[in-house]
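Chain residues, written in single-letter form:
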Amino acid sequence: MPDFPGRGLMKGLGVTFKTMMKPAVTVQYPHVKEAPPTRARGVIALKEENCTVCMLCARQCPDWCIYIEGYKDKAPPRREGGKPRTVQKLDRFDIDYSLCMYCGICVEVCPFDALFWSPEYEYSEASIADLLHDKTKLGEWMLTVPEPPPLEAGAEAKKGGKK
Amino acid sequence: MAVSTEWQKAAYVAAQAADARVHVELETEGMTLNIGPQHPATHGTLRIVVRLDGEQVVWAEPVAGYMHRGYEKLCEVRTYPQVTTLINRIDWLGHFANEVPFILAAEQLMGIEAPPRAQWIRTIFFEMARIANITLFLGDMGVQLGAITPIFFAFRDREHVLNLMEAATGGRFHPNYDRIGGLKDDLPRGWVEECKTAMKKMRGFCDEIEDLLMGNEIFQERTRGIGVIPPAVGLEYGLSGANIRASGVDFDIRRDEPSPLAYKSCDWKVWTHPDGDSFARYWVRLQEVRESTKIVDQLLESLPAGSIQAKVPRIIKVPAGEAWAHTENPLGEMGYYVVSKGGLGPFRVKIRTPSFSNVSIVPWLLRGVYVPDVITILASLYFILGDIDR
Amino acid sequence: MLGLNIDAYWATTTLKVVVVLSLIPMAAIILGYVFLLKMMSHMQSRLGPMEAGPHGVLQLMADGVKFMQKEDIFPAKADRFVFATAPIVVLMSTFLLYIVIPAGPRLVVEDLDTGIFFALAVSSLSVLGILMAGWSSANKYSLIGALRAAGQLIAYELPLVLAVVGVVMQAGTMSLQGIVHAQADGEIFGVGFMGNPFIFTQFIGFLIFLAAAQAELTQTPFDMPVAESELVAGYMTEYTGFRFLFFFMGEFGTAFAFAAIGATLFLGGWYVPGVHGATADVLGPIVLGTKIMFVAFLIFWIRFSYPRMREDQLQAFAWKFLIPLSLVNIAITGILKVAF
Chain A
1485 MPDFPGRGLM KGLGVTFKTM MKPAVTVQYP HVKEAPPTRA RGVIALKEEN CTVCMLCARQ
1545 CPDWCIYIEG YKDKAPPRRE GGKPRTVQKL DRFDIDYSLC MYCGICVEVC PFDALFWSPE
1605 YEYSEASIAD LLHDKTKLGE WMLTVPEPPP LEAGAEAKKG GKK
Chain B
840 MAVSTEWQKA AYVAAQAADA RVHVELETEG MTLNIGPQHP ATHGTLRIVV RLDGEQVVWA
900 EPVAGYMHRG YEKLCEVRTY PQVTTLINRI DWLGHFANEV PFILAAEQLM GIEAPPRAQW
960 IRTIFFEMAR IANITLFLGD MGVQLGAITP IFFAFRDREH VLNLMEAATG GRFHPNYDRI
1020 GGLKDDLPRG WVEECKTAMK KMRGFCDEIE DLLMGNEIFQ ERTRGIGVIP PAVGLEYGLS
1080 GANIRASGVD FDIRRDEPSP LAYKSCDWKV WTHPDGDSFA RYWVRLQEVR ESTKIVDQLL
1140 ESLPAGSIQA KVPRIIKVPA GEAWAHTENP LGEMGYYVVS KGGLGPFRVK IRTPSFSNVS
1200 IVPWLLRGVY VPDVITILAS LYFILGDIDR
Chain C
9 MLGLNIDAYW ATTTLKVVVV LSLIPMAAII LGYVFLLKMM SHMQSRLGPM EAGPHGVLQL
69 MADGVKFMQK EDIFPAKADR FVFATAPIVV LMSTFLLYIV IPAGPRLVVE DLDTGIFFAL
129 AVSSLSVLGI LMAGWSSANK YSLIGALRAA GQLIAYELPL VLAVVGVVMQ AGTMSLQGIV
189 HAQADGEIFG VGFMGNPFIF TQFIGFLIFL AAAQAELTQT PFDMPVAESE LVAGYMTEYT
249 GFRFLFFFMG EFGTAFAFAA IGATLFLGGW YVPGVHGATA DVLGPIVLGT KIMFVAFLIF
309 WIRFSYPRMR EDQLQAFAWK FLIPLSLVNI AITGILKVAF
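Protein chains in written order, with our numbering: chain A, 1485 to 1647; chain B, 840 to 1229; chain C, 9 to 348.
Same shape as in the complex, but just chain A (with noise of 0.2 angstroms):
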């Protein structure tokens, strides 16, 4: 196009045109809802078996936002004849969203696989306190929790366990 002035307005009114002609990117939520990503930080959910309240996650916490009680109980031995075991039960495990970063460091720090990321974040409440999520509402988001995606081609894969 040569050259003449007015020429940049014409091409601007030709832009939004052509976007007008084009159909809106607006999804309409809540009526349609994006499926987020697999690893999606959305809720973090608790596999209780797994936790040997060791504490690792409530200390990386940045925020300080895990609160955790435990006690001890006998589990019985490894083989015939043997001691029974000493093992750390659960009494309290609480995440309080309201103060949660969504950082991951207690995830990637669990030594047992015991925290999993959920894409999950439809869970605003109507009271702050009511964001403290327990050990029970933690374990239900377990359900949600989807496989770890394939990773791309050259990627070596984990060596057992989490790094």
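Bear in mind the hints are in silico, worked out from the structure with no lab data behind them.
Incorrect hints may have been included.
Unchecked claim - Derived DMTMM-like pairs (lysine to aspartate or glutamate); straight-line CA-CA distance at most 20 angstroms: (1) A:LYS1502 x B:ASP1050; (2) B:LYS1180 x B:GLU900; (3) B:LYS1023 x A:ASP1597; (4) B:LYS1039 x B:ASP1136; (5) A:LYS1517 x C:GLU59.
Start from chain A and add chains B and C according to the hints.
Just chains B and C now, with coordinates in the frame of chain A:
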């Protein structure tokens, strides 16, 4: 490259002189005006106290600190992974770019190097953070000048980059992905192809914005010759990034300083503009986004296979020492000076942020400027409050 | 009628005034919904309001109710009478504009012989309203914003008038009904079936009219007086609630009126070829409505696509470009009128 002509510069000066003759009569001298702290034109809670003589600014001073979150103090009482989480939030639009210099400094202290695949992916994410950040600027400057449409295009097309970040790291705005020795996770399958598609869309966006906003005669009238920063003055005030490159200074840390990131492995160019006015700053940033998409494309092609993290102990204790690492962030030069005494966390971290220095030129730059042009200049300097105040 | 001494003139006039008065808010709502809410949204790749009513048609009703129920605030030092009257003056100038616009061969409130002259004169009353608003707000920067707005509106009155002069010369009459008839009965080089809409011969005049109308409505790229609120208070800052609603209705009502005048002057108004007489009375408003939507589309398209000009650039554009161009247009029209 569109440079403003001598005739245009002379016309601007004549217009200012004519305006000044009219405004003498209105007797609005010595009026002190507060721009901010709540203001649509500043990117956050910046307060600029301005003394006016009629329509002209006589004296201006930015008052920062309304958003001070105490990062440097926080870093003293946090471990390295916790600090990485927090510093995502300094420049919240260029998220990943904040983590990289800190991790590089920590790796310098520990004496480890991340494997090549990790460096490649780090660089790719760094450039994507740049694209996400500057895309918003391209639309936002339109809004400051009255064009309400480009910003919606910017938000719409930025989603491509943010969705990619979410697919790989889990977070759209705060990836928290860099770790000492490498990265947290490898990329999910199909990510490379999606990334290439997204880069094509970003180039399409750049062309669209060029047609809609940058080529617009009204936009050029409003930005050419406004807020000219001579290169010597810019260097004196410590400007960095696109602000100084728009004044003709050919300096880019990615090319000029050695770093383990993968910039040497691809072919790219540094853009400068001789004018130093607001239009030049916009132009340089537009070209930089295009260049970033090209860098990402090249790095995706040459992505080496391998592991994503070097061998690091589970509990990281960085040996005692001091290290300085700086990178070319989207806003300018960002650097971390990390002092470690061998503990779980740093002893002291000094954060050098680009916007703090960029804003320091505001008193010099706003003298003699007319009130409508103040907004144009502030928009073109592009600072983010989290970056100024930390 | 009704046994009282009311003759037909007063009955029809009252009916006409009631129709016009109810037309203003309807016009504001239609223009606001179609262009501001929906067209702007689609130009920005989004949907706009969708929840209030199907596809958001009731959104402006909801906004109207919201404005009406707000607290009526007066600044402490404001001149109460002037402050309260200013929006009414602006709205009144809008109402007066609708008196001369014809929607059919017999559908006009009063077909004045100096129709277009009256319309342009009356549209300048809004300048008075704006000055009253800025002055009575007791806010130095409101006053400066109002003075800027007044300067802009006065500067762009001239290209508006001069662009219209070309049409008046071609039609030979200032009455809007007469201009429509001139376009209906005219021929283009002997081809008579579609009349002679003046947009072909007065194309430059049409563009100047559009630019000047854009400035009269303080739309981007000429909205510095209103967008001053990014930095300094504009003349409307101290207004809340229903007084602000009056300004808003005034702006969109005037946009509708200017679009109607533009359609009448340049596109042939209510005339569609082949329709005469009583059918034209029924079809006329619909045809005029379509042409209004077209002109309004052009005005709003430009509004959403461009950044705003600085006040001095705006004045330079009017005085150094539009006015000489419109004078040249008049000269050419005159020469061609005499030659042919």
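Results for each hint:
1. A:LYS1502 x B:ASP1050: At roughly 12 angstroms apart (the allowed maximum being 20 angstroms), ASP1050 of chain B and LYS1502 of chain A satisfy the hint.
2. B:LYS1180 x B:GLU900: 39 angstroms, violated
3. B:LYS1023 x A:ASP1597: Judged against 20 angstroms, a Cα distance of about 16 angstroms means the pair holds.
4. B:LYS1039 x B:ASP1136: 9 angstroms, holds
5. A:LYS1517 x C:GLU59: Roughly 16 angstroms between the alpha carbons, so the hint for LYS1517 of chain A and GLU59 of chain C holds.
Checked against the numbered hints given earlier, the structure breaks only hint 2 and satisfies all the rest.
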